[in-house]
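Could you build all of it, start to finish, from the sequences and the hints given here?
The primary structure of each chain is shown beneath.
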Amino acid sequence: MGAHLPERAPATSHRATAYFDVDGTLVKTNLLHPMLHVMLQQPTPLQSLKRLGRAVLAAPSLAAAELRDRRRFNELLFAHYEGMSEDRLVVLAEETYESVIKPRMFQGAADLVAQCHRADLRVVFVTGSLDVTVAPLARELGADAVIANRLEMRKGKATGKLLRPVVAGPGKARLIADDARAIGHDLGDCHGYSDSASDVPMLSVVGHPFCINPDWRLRDLARAYDWAVLDLDRPSPGEGSE
Amino acid sequence: MSTPSNAHPSVVTIHGRSRPRVLFSGSRLVEVDLPVGSRVVYPKPPMKGLPDVDAAIRYAIDHPEGGDPLHAKLRPGMKVTIAIDDISLPLPPMRRPDIRERVLDIVLPMLADYGVEDIHLIVATCFHRPMTAGEIERMVGSRTFREYWPDRLYNHDAEKPGGLTEIGTTDAGEVVEISTRAATSDLLIYINLNFVPMDGGHKSAAVGLCGYRSLRAHHTPGAIRKSDSYMDPESSELNHRVVRMGRLLNQHLDVFTIETTVNNRMFGGELAFLAKNEDDWSPREQLAAKALVKTLDTLPMKARQAVFEKVPAPYEVTGVFAGETEAAHAKTLDKCFEQYAVPVEGQADILVTGVPYISPYNVNAFLNPLLVSVLIEGYLHNLYRGVPLVKEGGTVIAFHPCTDHFDKDQHLAYVEFVHKLLPKTRDAMELHKKYEREFASNPAYVQLYRTGNAYHPAHPFFMWYWGENGRQHIGRVIIVGADNEYIPSLLGYETAETFAEALQMARETAPPDPSLTCLHICPMLMADVTPLDDDESARRGLRLLPGGA
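Chains P and W are the protein sequences, given in the same order. Per the numbering used here, residue 1 is the first one in the first sequence, and the count goes up by one each step. Per the numbering used here, residue 243 is the first one in the second sequence, and the count goes up by one each step.
Just so you know, not all the hints are guaranteed correct.
[Unchecked claim] Derived lysine-lysine pairs resembling DSS-like cross-links, with alpha carbons at most 27 angstroms apart:
no. : chain 1 : residue 1 : chain 2 : residue 2
1   : W       : Lys518    : P       : Lys28
2   : W       : Lys402    : P       : Lys28
3   : P       : Lys50     : P       : Lys155
4   : W       : Lys675    : W       : Lys662
5   : W       : Lys536    : W       : Lys518
6   : W       : Lys402    : P       : Lys102
7   : W       : Lys402    : W       : Lys321
8   : W       : Lys577    : W       : Lys518
9   : W       : Lys552    : W       : Lys518
[Unchecked claim] Negatives, chain P to chain W, calculated, CB over 12 angstroms:
no. : residue
10  : Thr44
11  : Glu95
12  : Arg118
13  : Leu163
Quick caveat, the hints were computed from the structure, so don't treat them as lab data. All C-beta atoms in this analysis are idealised placements derived from N, C-alpha and C, irrespective of residue type, glycine included.
Dropping the structure here:
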């Protein structure tokens, strides 16, 4: 699976693409959950403590960035991965998936993605998370591609910087437009799923926008624009046991 | 205006001293001054209910129409599925106990007595919205609900992976596929409430428990165009296809059908006058009508809707028939027509009708614009046997606000259908061929159908098709009282501010001295229309109606 949008996307037989935000949309996590788990899994307790301490000190600037600029927030957040080796990140990503992400997956997430496949839609995850973190979930749910943030690596270790383009907020809209163009899909036929008002640009460029467990700002917009609202954490009213 | 002669007491001719007719306009009531000589078709008075419903249920299942009594089919350890009609019937929901609860309260103990323990109850929703837990409890009764919900009492899920089993294919190529639980049962018991003649019979299990592959065999614009009236099973192509599929199903599965009929007592107590001829109202009823019209005019939409919705209908059970599907259903249909069918002589150039706030597809929700069209060109148009009430190419004047409003839980897919697809085309064939399949597989809408409270995304298409034979037959639809121009034009309708203006518009394309008939609905009625010599339909060589000319 390509960790990021390939320069020349392969031809596809799908009729359109379904673009999914991940955190808060398919899983009940945000970008902080996996990062905290990674920090707690450092080789020694002291190293874990040092990384956590740095994160706590950076919390006010992270909070400010979250409110003003989602892209800056991502850059500040992933700076805490500086110095971690690539293979260690891969190992920790598998552990993070099993212990943090999988238990927090929404009840209907797998069904919805499966329904996309049945409807002949190509499934692409578009997330501010790291490519390495989201890879196990993408594999589990059968995503066809992932558009995610990537750490800059030098001599096998993370520099703490993100490679361009940073996947966040309005940038997601441009990235999926590029992806659809590359794959030969009309954005008007494509679907978009997100939980957050920060993804309104992404939802606005697709022909079929849907909100999943939306925050209050997105819920208001959904009401105004007649965007469908799904609650993926709601069990079926009566599934029976056929 | 000329009016054909008639004799049935439910067909009234307007004279110089007639009061205005009070018709539904959504959840409002409007007073309409019809021209002298106009004809008004009223529902028949409610038939008398059965004195002992429980005894009638026991008798029906012990003395079935064709086949063995229910108890003779039972044996210990067998697998039984009970399918039940959903909340779309009757309209509005009936007072408790619902007839389905009464049937279950007799059938379930009988199964227990015979050692049957593997029992599932499925609400046969097909592509309708899933009923909520509260609605199901109200329908089946608290005792059954507590014992079976949610593991052994649930809504049919037509999209559940692996949830459907193919039974076979008819000679005409229709795929019969139903709920796996039902298909693999030793016995399927279907409990029906037959509200209109389109319901029941083979439609119950072969449609109520099926999936998209089976629906595509008959829920098509082609099938509806070929149906003269889909409320008249004999002349309904829709019904013919369903019967073929149902017969195949019954060859493979032991089906015991229990059907029930109710009278048309839709309004009880203080609202009962709504079913009567306005000229027969007592002074008290006249005052009540005036007060109701004014009150509804001042109330906000939700409060108006609540006036009618919060009071369950005092329907009374008029018949219980059980046994082999077709034999039981024949008796059911007789009872339905006995209540609903009003003999009417001749068609009209202009048909006037109120459009109520309720349809089978908006129980506990708002009647959205697409459902308005389903009523005008679908349900109301098809409430006939023989020939339609309005002549081919004639004009329908309908009262409704056509508000651009949708219930966001039940009808979200309808919003996209109305606002994205109808502006592109109103052609049912084009919608069917070009857009239906993709729309019906929209993952978010399918998810909302499966886990929320929404109709399946194919449903708005079916609703548009439901008006297809009316759309082909009616020349013009003029809406009086629309609160906007956009929705009526989207539906292909004209608008008029007043009834007088609408009548003037209708006269412009009608023959000289046009005939006018008013369909006074609700409660439910059907017209047994026999064509006069000058009706173009008379030349089509129609079959004679039972009791007709």
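Problem set entry | Hints violated by the structure (listed by number, smallest first) | 1, 12
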